[in-house]
Amino acid sequence: MQVEARLKKLGIDLPAAITPVANYVPAAKTGNLIFLSGHGPLKEDGTLITGKVGADLTAEQGYETARRIAIGLLGTLKAEIGDLDAIKRIVKLLGFVNCTAEFADQPNVINGASDLLVEVFGEKGKHARSAVGTNALPFNIAVEIEMIVEIEG
Amino acid sequence: MQVEARLKKLGIDLPAAITPVANYVPAAKTGNLIFLSGHGPLKEDGTLITGKVGADLTAEQGYETARRIAIGLLGTLKAEIGDLDAIKRIVKLLGFVNCTAEFADQPNVINGASDLLVEVFGEKGKHARSAVGTNALPFNIAVEIEMIVEIEG
Amino acid sequence: MQVEARLKKLGIDLPAAITPVANYVPAAKTGNLIFLSGHGPLKEDGTLITGKVGADLTAEQGYETARRIAIGLLGTLKAEIGDLDAIKRIVKLLGFVNCTAEFADQPNVINGASDLLVEVFGEKGKHARSAVGTNALPFNIAVEIEMIVEIEG
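Residue numbers (the numbering used here), protein chains in the order written: chain A, 20 to 172; chain B, 20 to 172; chain C, 20 to 172.
One chain only, chain A, in its complex shape:
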């Protein structure tokens, strides 16, 4: 329970897996890979962090948003595989930042997720990544991130 111990030390409570409201699932396993669905930023009260970075949110607020999403992704992973110590590597993130056409600091926003993953998993948490902007996201959430994880075979 190394990973869960580290989460506790960081004061992080994992949420339950997201509940998709459609014909898809929070995560799909194939071989040793788990593909996690795009996750949005759920606050503890169940509401979403919404708005466009560069207009409604600052890059710093975007960073906190991405960090929250990473915690949600870990909650989904925990529900999917039970033991977070079974994770061999965080392989890849793809992060979409809902932003103005002038906003150009998507990397710092998605760092909120990347930093959390490395805080929790150390070397195993270092992943490939793409960070891009977009003009619109579901329910006007500020950030959406999908993830690929490798588990022990």
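Note: identical chains are not told apart, hence a pair may lie in one copy or across any two.
No farther apart than 30 angstroms at their CA atoms in a straight line, the calculated lysine-lysine pairs in the DSBU-like style are these:
no.: 1; residue 1: LYS97; residue 2: LYS27
no.: 2; residue 1: LYS28; residue 2: LYS143
no.: 3; residue 1: LYS145; residue 2: LYS107
no.: 4; residue 1: LYS107; residue 2: LYS62
no.: 5; residue 1: LYS107; residue 2: LYS48
no.: 6; residue 1: LYS48; residue 2: LYS143
Everything labelled a hint here was simulated from the structure, so no lab data went into it.
Given chain A, work out where chains B and C should sit, using these hints.
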């Protein structure tokens, strides 16, 4: 031929695989995974469904557009693997909705594809998914979807 | 050293791998797959090609930008696996074009990368692909491309 029987029951004729007009292919196989290229919505007369959801198309029209793309993805899969019963699982969709900055119902649009896949494949059709917006797509198509599928080993 | 010989013939010098300025890595290997992070267009002088295609850059300039990114992706691959002849197949590209809402020729832009990969790898270079638009990219770069590659087992 279970999957093809279900397609027939749904009144769905699969189109031929898309013909990329460049140095790429409709699908690439690696191990047991098939990565399908981003597909747009080809109508039966060979023209494309174009426009921005939230301005030129409603969410409902977007849903029908995504459903048509899913049928096109299955046409490409059929051309690639021959037997659609060899599909072990639809692993993941990534759907881009060409939309206004105010449009926030990308999930309902991409549901058009997700619902079709579950209608056709049942449990095997349940996939991880990301649905995002974008300000622009090739040829101004309304929706573009890429897919990852696992086939029997 | 077939691939490197072809690069030399094309007059292409590979750059070093990109240096991520955050908690992520240029590429992550899982099984026989390598997931490469989203790469931007670094010029030889170390500056970036920036601007929105359809306003600041033409489609042709976008093509050259994507070609340059493909060269950068190969530089990262070379640093990751040492021998580019170990590549079994270029599996997939996902290309984001920073563009106006009216721009609709993303495929021709991303062709700059696809064409280079087929020039260098021949049949092995033919990949699945998605090309989409976006309203904003990091540092206002004109194009961002991520790639999945299969190496010999």
